[in-house]
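Student: Protein chains in written order, with my numbering: chain A, 2 to 284; chain B, 103 to 262.
Honestly, I wouldn't trust all of these hints.
With a cut-off of at most 35 Å between alpha-carbon atoms, the simulated DSBU-like pairs for lysine-lysine come out as follows [unchecked claim]: (1) K259(B) - K227(B); (2) K39(A) - K179(B); (3) K62(A) - K259(B); (4) K259(B) - K179(B); (5) K44(A) - K259(B); (6) K39(A) - K259(B); (7) K44(A) - K121(B).
To be clear, the hints were calculated from the coordinates, so they are not data collected in a lab.
Note that the structure is a prediction, hence the values are computed from the model and not measured.
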Amino acid sequence: MVAPGSLQAAVSLLAEQPGVWLPIAGGTDVMVQYAAGKLPARKLVSLWNLPELRRIELTEKEIAIGAGCTYTDLRQHETLEREFPLLTTAARWTGGIANQNRGTLGGNIANASPAADSLPALLVYEAELILISARGARHIPYAGFHTGYKKTRLQPDELVQAIRLPRRFGDYVSYSRKVGARNAQAISKVCIAALGRIRQGIVDDARIAVGSVAPVPLRLSNTERLLRGQRIDDELVRRITNTAIEEIQPINDIRSTAVYRSVVFKNLVTEFLVQLAAGENQA
Amino acid sequence: MKAHQPQHDVSLTVNGEPKTVRAYAMERLLDVLRNQLGLTGAKEGCGEGECGSCSVLVDDNLVNSCLMPVLQAQGTKIVTIEGLAQGSKLHTLQQAFLDCGGAQCGICTPGMILAAYHLLNRKPKPNPEEIRESLAGNLCRCTGYTQICEAVTEAAKRAS
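In isolation and in its complexed conformation, chain B is listed as follows (with noise of 0.2 Å):
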């Protein structure tokens, strides 16, 4: 079916740069910062929107990266886990997520900080429950949410 489609350019700014890529009109986003444009941070876990493991940041809102048609993203600012750190140095949640053992497999975190990211940049103090619900639509399943939780936490504390 695809080979009868037509192929769209579709120009978005990824982390700070411009891009442009050549796809078709309900590729995935996720299928494209991965396969395109080499940005293996967001994950496939589910790919129908329940896991949160593909989250990444569009115009300055979380989004399911595996449910968002490539097309829809023509003109957009994408953030994703490869943008928070500065060169070397960490960005604070990432930072936090290592020192409070936020991590183990690694699959759920990129998701993880993006959506506790998108949570301070709109609530630099979030309170328990905001922090939860924050990242209600992140599942994991070894890590444990606690070490996740202290993990905003303590970024948010650090960042104060």
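Next comes chain A alone, as it looks inside the complex (with noise of 0.2 Å):
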């Protein structure tokens, strides 16, 4: 492993041996891969604490977060808390304390388990993902940046940059859960984030995405869809849970069952559903 100190220098490698370096931050996926015997030549270039990538920054429009910020660097963000609450409770939900001092939010995207808390908050609030390379930087949207079980849009010579999200779900519902064997340390077995804002008793606008249950963090579009301009009712609530089922494919692994995860999840969909009709945030 190398620490190169800069984000230059760390792109430089990048540029000079694609697809040859792999990124560390904190450690807390690829450190458990390495003692595993899962990175043979690999050689792994160190980002942690690089200043360039562990800024938040604030405009009137929108919030950019370096994607060398921990889990606690976004708890302890106060327009973060304020704004953007299904991302601060899912740093929240993240590990225990000493991998939120470490873990970094670029890490979770570019780790890109399907399973990872941060990631449903990130699709609904339709981040942005800045990507940095030695051929310049690209913004692309973050919805659709996951091709596939751990497959992404990242190119080898490229490096999460930054995390842009823009400030306008301030009025909106927040609803967030994860189910999973504990609190702390144990890994989902579904987590959801939704959004959602009622105007006049019909839903004006309504965001669902949910982890674990297909190979890639899942925003349900066909779902959200049939959702606006509804006004929430039990018959509206059997309807969209039937509409979302057929946008996840669970399945049975060393957390859990197809079976259990599509029954909680139906669940978590239709108290979302209650929440939203009834305005009270749960975030």
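Using the hints, put the two standalone chains together into the complex.
Tutor: Dropping the structure here:
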């Protein structure tokens, strides 16, 4: 492993030997894989604590979170806490304090686990990623970044530099839940992040994203489309959950079963709709 | 593989003393502390960041030392459980763990105490929920969490 000390130097290394270098930030995933012998023939480049990646910048319209910000950094940021509670709540649910002090948002994105707790929040907040390489920076919507199980649009010479969130969800109802064996440390069986807004009794906008029920963190686009313009009642809840269940592909694995995940998922979507109708936040 | 890799001199401050160790970049901070510096307070439980028994403070932040490559500790200030007592006088937290029966087999205890220390440095008067959250990354399989939480509550009371 090398620690080049600046973002530019890290990007240069990647440009010289694309695909050879594996970035490591807080090590909460990479160190586990390394110890298990799953990273043969990879050279590691440390991005930990690079100042260029550890900033949170606010403008009137958006907030840009450096990819190297830790979950603790997110939790401690007042604007994030106020305007993006789904993200700070997910940060609070990730690992325990020690892992939150080391794990980074950029690492969570690049590691691309479908069970990652912070990723559904980024989906519903319409995050944009800034990817950096020696060729320059490019901006892409976070939606569509994950192309398959642990596959992303990140090129071998690119790093996630920052995550930009538009500051326009302040008046939405927020809902999130993590269902796992235990609050801390345990990885989710199902996690959900959702936003909604009701105007004159009608769903004006709704966004729902889930983790651990598909090969990628998933936004429920069909469900959202069906929800918009509707009044929430028992009949709608039934139709919505039936549509939603068609959008996920839960599996049996060491943490849960497809059947359990499906039942929990339906319950969470239902709870979101009930709380949205009542205007109650649960973030 | 290691034989082809260079070793590095890594300078860090451990429990107030400047140290330089010679190590491979990817050596775990945990192993360097235990094997090179003889500080065996930090324990290896799971070795993958799940149990917290290897917890130490790095620049005042609680960290699982099994997940930290030592090269990333260059220039940092480390505090291990060995750094809490002042000579033969135990730290308030250590004494409270003793008095409340907060330690049985002792494997989780250094991590528990450092997690509690990390909390009390930030919130000298934590509520029960904050105590439980601060210790949630540290697993105990024998003492029981009740006495551990009571010990932290007691330490906060004695320190105020």
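Student: If a hint holds in the structure, say so; if it does not, say that too.
Tutor: Structure-based check of all given hints:
| no. | hint | in the structure |
| --- | --- | --- |
| 1 | K259(B) - K227(B) | holds, 8 Å |
| 2 | K39(A) - K179(B) | holds, 31 Å |
| 3 | K62(A) - K259(B) | violated, 45 Å |
| 4 | K259(B) - K179(B) | holds, 28 Å |
| 5 | K44(A) - K259(B) | violated, 49 Å |
| 6 | K39(A) - K259(B) | violated, 47 Å |
| 7 | K44(A) - K121(B) | holds, 27 Å |
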